[in-house]
Amino acid sequence: MKHFLSVQSCQPKDLVQQALQLKAQPWAYESLGKRKTLGLLFLNPSLRTRLSTQKAAAQLGLNTMVMNLSQDGWNLELGNGMVMDQGASEHVKEAAQVMGQYCDIVGIRCFPGLQDASEDYRDELIGQFIEYSGRPVISLESCTRHPLQSLADMMTIEECRGTNPKPKVVLSWAPHAKPLPQAVANSFVEWATAFDCDLTITHPKGYELAGEFSSLAPVCYNQDQAFENADFIYCKNWSSYTSYGKIIGNHRDWMITLDKMKRTNQAKFMHCLPIRRNLVAADDVLDSNQSVVIQQAHNRIFAAQAVLKNILETQQGVGS
Amino acid sequence: MKHFLSVQSCQPKDLVQQALQLKAQPWAYESLGKRKTLGLLFLNPSLRTRLSTQKAAAQLGLNTMVMNLSQDGWNLELGNGMVMDQGASEHVKEAAQVMGQYCDIVGIRCFPGLQDASEDYRDELIGQFIEYSGRPVISLESCTRHPLQSLADMMTIEECRGTNPKPKVVLSWAPHAKPLPQAVANSFVEWATAFDCDLTITHPKGYELAGEFSSLAPVCYNQDQAFENADFIYCKNWSSYTSYGKIIGNHRDWMITLDKMKRTNQAKFMHCLPIRRNLVAADDVLDSNQSVVIQQAHNRIFAAQAVLKNILETQQGVGS
Amino acid sequence: MKHFLSVQSCQPKDLVQQALQLKAQPWAYESLGKRKTLGLLFLNPSLRTRLSTQKAAAQLGLNTMVMNLSQDGWNLELGNGMVMDQGASEHVKEAAQVMGQYCDIVGIRCFPGLQDASEDYRDELIGQFIEYSGRPVISLESCTRHPLQSLADMMTIEECRGTNPKPKVVLSWAPHAKPLPQAVANSFVEWATAFDCDLTITHPKGYELAGEFSSLAPVCYNQDQAFENADFIYCKNWSSYTSYGKIIGNHRDWMITLDKMKRTNQAKFMHCLPIRRNLVAADDVLDSNQSVVIQQAHNRIFAAQAVLKNILETQQGVGS
Numbered sequence: 001m002k003h004f005l006s007v008q009s010c011q012p013k014d015l016v017q018q019a020l021q022l023k024a025q026p027w028a029y030e031s032l033g034k035r036k037t038l039g040l041l042f043l044n045p046s047l048r049t050r051l052s053t054q055k056a057a058a059q060l061g062l063n064t065m066v067m068n069l070s071q072d073g074w075n076l077e078l079g080n081g082m083v084m085d086q087g088a089s090e091h092v093k094e095a096a097q098v099m100g101q102y103c104d105i106v107g108i109r110c111f112p113g114l115q116d117a118s119e120d121y122r123d124e125l126i127g128q129f130i131e132y133s134g135r136p137v138i139s140l141e142s143c144t145r146h147p148l149q150s151l152a153d154m155m156t157i158e159e160c161r162g163t164n165p166k167p168k169v170v171l172s173w174a175p176h177a178k179p180l181p182q183a184v185a186n187s188f189v190e191w192a193t194a195f196d197c198d199l200t201i202t203h204p205k206g207y208e209l210a211g212e213f214s215s216l217a218p219v220c221y222n223q224d225q226a227f228e229n230a231d232f233i234y235c236k237n238w239s240s241y242t243s244y245g246k247i248i249g250n251h252r253d254w255m256i257t258l259d260k261m262k263r264t265n266q267a268k269f270m271h272c273l274p275i276r277r278n279l280v281a282a283d284d285v286l287d288s289n290q291s292v293v294i295q296q297a298h299n300r301i302f303a304a305q306a307v308l309k310n311i312l313e314t315q316q317g318v319g320s
Numbered sequence: 001m002k003h004f005l006s007v008q009s010c011q012p013k014d015l016v017q018q019a020l021q022l023k024a025q026p027w028a029y030e031s032l033g034k035r036k037t038l039g040l041l042f043l044n045p046s047l048r049t050r051l052s053t054q055k056a057a058a059q060l061g062l063n064t065m066v067m068n069l070s071q072d073g074w075n076l077e078l079g080n081g082m083v084m085d086q087g088a089s090e091h092v093k094e095a096a097q098v099m100g101q102y103c104d105i106v107g108i109r110c111f112p113g114l115q116d117a118s119e120d121y122r123d124e125l126i127g128q129f130i131e132y133s134g135r136p137v138i139s140l141e142s143c144t145r146h147p148l149q150s151l152a153d154m155m156t157i158e159e160c161r162g163t164n165p166k167p168k169v170v171l172s173w174a175p176h177a178k179p180l181p182q183a184v185a186n187s188f189v190e191w192a193t194a195f196d197c198d199l200t201i202t203h204p205k206g207y208e209l210a211g212e213f214s215s216l217a218p219v220c221y222n223q224d225q226a227f228e229n230a231d232f233i234y235c236k237n238w239s240s241y242t243s244y245g246k247i248i249g250n251h252r253d254w255m256i257t258l259d260k261m262k263r264t265n266q267a268k269f270m271h272c273l274p275i276r277r278n279l280v281a282a283d284d285v286l287d288s289n290q291s292v293v294i295q296q297a298h299n300r301i302f303a304a305q306a307v308l309k310n311i312l313e314t315q316q317g318v319g320s
Numbered sequence: 001m002k003h004f005l006s007v008q009s010c011q012p013k014d015l016v017q018q019a020l021q022l023k024a025q026p027w028a029y030e031s032l033g034k035r036k037t038l039g040l041l042f043l044n045p046s047l048r049t050r051l052s053t054q055k056a057a058a059q060l061g062l063n064t065m066v067m068n069l070s071q072d073g074w075n076l077e078l079g080n081g082m083v084m085d086q087g088a089s090e091h092v093k094e095a096a097q098v099m100g101q102y103c104d105i106v107g108i109r110c111f112p113g114l115q116d117a118s119e120d121y122r123d124e125l126i127g128q129f130i131e132y133s134g135r136p137v138i139s140l141e142s143c144t145r146h147p148l149q150s151l152a153d154m155m156t157i158e159e160c161r162g163t164n165p166k167p168k169v170v171l172s173w174a175p176h177a178k179p180l181p182q183a184v185a186n187s188f189v190e191w192a193t194a195f196d197c198d199l200t201i202t203h204p205k206g207y208e209l210a211g212e213f214s215s216l217a218p219v220c221y222n223q224d225q226a227f228e229n230a231d232f233i234y235c236k237n238w239s240s241y242t243s244y245g246k247i248i249g250n251h252r253d254w255m256i257t258l259d260k261m262k263r264t265n266q267a268k269f270m271h272c273l274p275i276r277r278n279l280v281a282a283d284d285v286l287d288s289n290q291s292v293v294i295q296q297a298h299n300r301i302f303a304a305q306a307v308l309k310n311i312l313e314t315q316q317g318v319g320s
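Protein chains in written order, with the UniProt record's numbering: chain B, 1 to 320; chain Z, 1 to 320; chain L, 1 to 320.
Treat the hints as calculated values from the structure; they're not laboratory data.
For glycine and all other residues, C-beta sits at the position ideal for the given N, C-alpha and C.
Treat the hints with caution; some may be incorrect.
To be verified - Coverage of chain Z stretches by chain B, computed from C-beta distances (three or more under 8 angstroms per stretch; other residues unrestricted):
hint	region
1	28-42
2	86-95
3	221-230
Said to hold, decoys possible - In silico DMTMM-like pairs for lysine to aspartate or glutamate, Cα to Cα no more than 20 angstroms straight-line:
hint	chain 1	residue 1	chain 2	residue 2
4	L	Lys246	B	Asp85
5	L	Lys23	B	Asp104
6	Z	Lys246	L	Asp85
7	L	Lys34	Z	Glu30
8	L	Lys178	L	Glu208
9	B	Lys246	Z	Asp85
10	B	Lys34	B	Glu313
11	Z	Lys36	B	Asp85
12	B	Lys178	Z	Asp85
13	Z	Lys23	L	Asp104
14	Z	Lys34	B	Glu30
15	Z	Lys178	L	Asp85
16	B	Lys262	B	Asp284
17	B	Lys246	B	Asp116
18	B	Lys34	L	Glu30
As the list claims (entries may be wrong) - Derived CB-CB ranges, DEER-like:
hint	chain 1	residue 1	chain 2	residue 2	range
19	Z	Cys160	B	Ala28	45 to 53 angstroms
20	B	Lys13	L	Lys13	53 to 61 angstroms
21	B	Gln266	Z	Arg122	50 to 58 angstroms
22	B	Gln17	L	Phe111	45 to 53 angstroms
23	Z	Thr193	B	Gln266	49 to 57 angstroms
Take the sequences, apply the hints, and build the full model.
Structure below.
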């Protein structure tokens, strides 16, 4: 593996198996990262991604350096040919090249601005880090995808599906107080499709994902109907793509409740966290034993570790 | 030791002896924490607690991950059943469970809001981390207590008391520019009482500590009189408990001066730091050789190390 | 080496050679810092300094603790005898003594206020850390100098000069959007002078450096003329010293362009980064193969490592 940006970056089923093996034996490769440095660049807040990736790196013997760019540093300019006499103190070209000098692997988190769809969906920052850093780049969530989350999600489905060859998985929109990125939903659709899931997407009209993602699975505008016989409910809010970055309508009745969960085949309840209780999902759903959200969060460690392990092995000419 | 929250969490005299031994041989257990992770969660600023705990962890071979929740992350909701459509992005239930997945030991710092005494004195955040993380929890200062500070304070008294079986110790209120928590003072009273000190509390009327603490030692409203023959002056500002969270009156004359120190039995001057010079205590007190404030700060390393060592030993079935 | 504050702290030519050797063999001393702690205190933002110093420390086996004082902590008071009833929560006397208890080596970054030249040029913060911490202190950029940058700059000149015994080096002022410190320019003049460079300073009238620096090299107010036959162009903005901390005039025409570079002897283009493209220097200069700015940034690792190595060796009685 060179970079880790999406399901296309890897052989996803093989990677899930490796992650599950690391969960069983987290210290089996504790010298693999010796004398190597992982740089983590956060342009946006993070709890799970930050801590799980640090933990994964420690279990591989990697040295980790964390940089909170907006707090400890400054804003980056992305545009070509810009006269930089405004807010940004540094161009991504220099920042990426310098990170490449200091780190063997670079992880980056950046959120979309949610103002301009075409700008966000170009995912320029991460693209420029790939172009200019000269190092393997790991997406810690980009404007359009959150592949480490999806990898942990697939681990969790794998752990819970038993012998079910084609579980019914429902990605359900849920309400929120703020306009959120589509990244987790986009990414989940890509990965669930690659894992032989019978995937349905349900959301109010107007919340259709971008075509490259919505085209991968049928959409059902009736949440109750979508939940029938589901084995997994993956719940997530996202803002509108067509009315880009907007919240359209109220839709508080799309909150996941225990009543709705009763329509399912005792489905597991999934969410990437953080989750706003009693807005996105009711307390009794989150506190039920159908919820596997903590298991998902736990799996983030081994998802990150599998990715780091593959990149390190590729650097050493061992892997693929 | 399971958790470390107050003097009741431990056998305090034994713990002080262990801390003093670690001060003599800081690297004697440098592999004890191998492959274990300490997570430090700061909801409020910290210099000494942050650095001394990191140093202590390094001396035990622990991997440390620091999370500044308000900066790097987001606000936490504590209330049960709340519809989370306001500022908080995550409920403590999930945050604590996730920290428990990522860390073997969790340390937390949070300050009281100083608006509502009964809310602050429930110390809910730390209580919920104990309930939901499933891990040993260390208070890095809670709304009501600062036990790592008190442990370092008792080490310092132990180092300075010589053969004095019952030193006279005075906890003296001093003025400040901002309303501060009562945590350090509360905690000191609990610990000094457990250490055979002849403890007196002195403060202006209206600054009585909460009953569970003020009942442990006599209060003297006359600072000059309280200082007579004291062996240790422990100085600290706190805001009113009865007029909760308020500064009542000016009381600039309660600043500790060298003249006041002359009434004592060449007492050692103690303060937890940070200290505002010439407001809380005069320059010549802090710069005199009666001041042991730097020794106290130094002892913070070994206080944290003794606590971490005990928790690690308990996890490994060695300790108690 | 005891402290590292300026070119006077070291034997600069010897130090550059050591840094170049560390670049060739970065892990040759990986146990030198075992059980030692480096504390890095940032009062101002940093990317390169932070990451390169952390990396250097890791390559020497040092434990590093980073403290962002303005974010994670609080403001420091510098004045003697001040009644601290305003913004600052702690005096530098205590902060420095405590850092000295927790760390074996202390690195500090602070920027000048750019309001009062005599205050800034006393460089009090770093001076008080030397006085009160009792530890070796490394400047991570002070109000007046940036010696780690200059050391990396000299490594870069050494790598690029070939057999040229006395390269012509031009320090050229360039425009910027905000008033910046003079520290990088001051420091560069000191170091280039010590390295047998034929140094010329060029800037618009009014941007003369403080006398102790400007007296070290001739000033030419005509940028075009200064560039003739130069082997190195070191570009940097700084605010006025005589009209202290001010931007005087527009001077956008002082931006470094490829046309101007054509006057030189195919000079290498140097800048400390971060750089504002198309304001300080044009894209085509930065993207040309005359630019060595990334090489400079890379050398920051080994500059920091050479300084840390010398200090550690001095502490162990091996070095000088």
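Each hint tested on the structure:
1. Counting residues of the region 28-42 of chain Z whose CB lies closer than 8 angstroms to any CB of chain B gives 3, which reaches the minimum of 3, so the coverage claim holds.
2. Counting residues of the region 86-95 of chain Z whose beta carbon lies closer than 8 angstroms to any beta carbon of chain B gives 8, which meets the minimum of three for the stated coverage.
3. Under a criterion of three residues with beta carbons nearer than 8 angstroms to beta carbons of chain B, the stated coverage of the region 221-230 of chain Z fails, only 0 such residues being counted.
4. Between the alpha carbons of Lys246 (chain L) and Asp85 (chain B) the distance comes to roughly 17 angstroms, so the proposed pair stays at or under 20 angstroms and holds.
5. For the given pair, Lys23 (chain L) sits about 16 angstroms from Asp104 (chain B) by alpha-carbon distance, which is consistent with the 20 angstroms threshold.
6. A threshold of 20 angstroms between alpha carbons decides the hint, and for Lys246 (chain Z) with Asp85 (chain L) the separation of about 17 angstroms falls inside it, so the pair holds.
7. Under the criterion of a C-alpha separation no larger than 20 angstroms, the hint pairing Lys34 (chain L) with Glu30 (chain Z) is consistent with the structure, at around 12 angstroms.
8. The straight-line distance between the Cα atoms of Lys178 (chain L) and Glu208 (chain L) is roughly 18 angstroms, inside the 20 angstroms bound, and the hint therefore holds.
9. Among the hinted pairs, Lys246 (chain B) with Asp85 (chain Z) is consistent with the structure: their alpha-carbon atoms are about 17 angstroms apart, no more than 20 angstroms.
10. Annotation: proposed proximity of Lys34 (chain B) to Glu313 (chain B) holds, straight-line Cα distance about 12 angstroms (limit 20 angstroms).
11. For the given pair, Lys36 (chain Z) sits about 48 angstroms from Asp85 (chain B) by alpha-carbon distance, which is inconsistent with the 20 angstroms threshold.
12. A threshold of 20 angstroms between alpha carbons decides the hint, and for Lys178 (chain B) with Asp85 (chain Z) the separation of about 9 angstroms falls inside it, so the pair holds.
13. For the proposed pair Lys23 (chain Z) and Asp104 (chain L), the alpha carbon gap of about 16 angstroms is at most 20 angstroms, so the pair holds.
14. For the hint pairing Lys34 (chain Z) with Glu30 (chain B), the CA-to-CA distance comes to about 12 angstroms; that is within 20 angstroms, so the pair holds.
15. Only pairs whose Cα atoms come within 20 angstroms are accepted, and Lys178 (chain Z) paired with Asp85 (chain L) is accepted, the gap being roughly 9 angstroms.
16. Distance check on the hinted pair: Lys262 (chain B) and Asp284 (chain B) sit about 12 angstroms apart at the alpha-carbon level, within 20 angstroms; holds.
17. The suggested pairing of Lys246 (chain B) with Asp116 (chain B) holds, with an alpha-carbon distance near 11 angstroms, which does not exceed 20 angstroms.
18. For a cut-off of 20 angstroms, the pair hint linking Lys34 (chain B) to Glu30 (chain L) stands: about 12 angstroms separates their Cα positions.
19. In this structure, Cys160 (chain Z) and Ala28 (chain B) meet the distance hint of 45 to 53 angstroms, their C-beta atoms being roughly 50 angstroms apart.
20. For Lys13 (chain B) and Lys13 (chain L), the hinted distance range of 53 to 61 angstroms is satisfied, since their beta carbons lie about 58 angstroms from each other.
21. About 37 angstroms separates the C-beta atoms of Gln266 (chain B) and Arg122 (chain Z), a value inconsistent with the hinted range of 50 to 58 angstroms.
22. For Gln17 (chain B) and Phe111 (chain L), the Cβ-Cβ distance of about 51 angstroms falls inside the hinted range of 45 to 53 angstroms, so the restraint holds.
23. A hinted range of 49 to 57 angstroms holds for the C-beta pair Thr193 (chain Z) and Gln266 (chain B), which are about 55 angstroms apart.
Of the numbered hints stated above, those contradicted by the structure are hints 3, 11 and 21, listed in ascending order.
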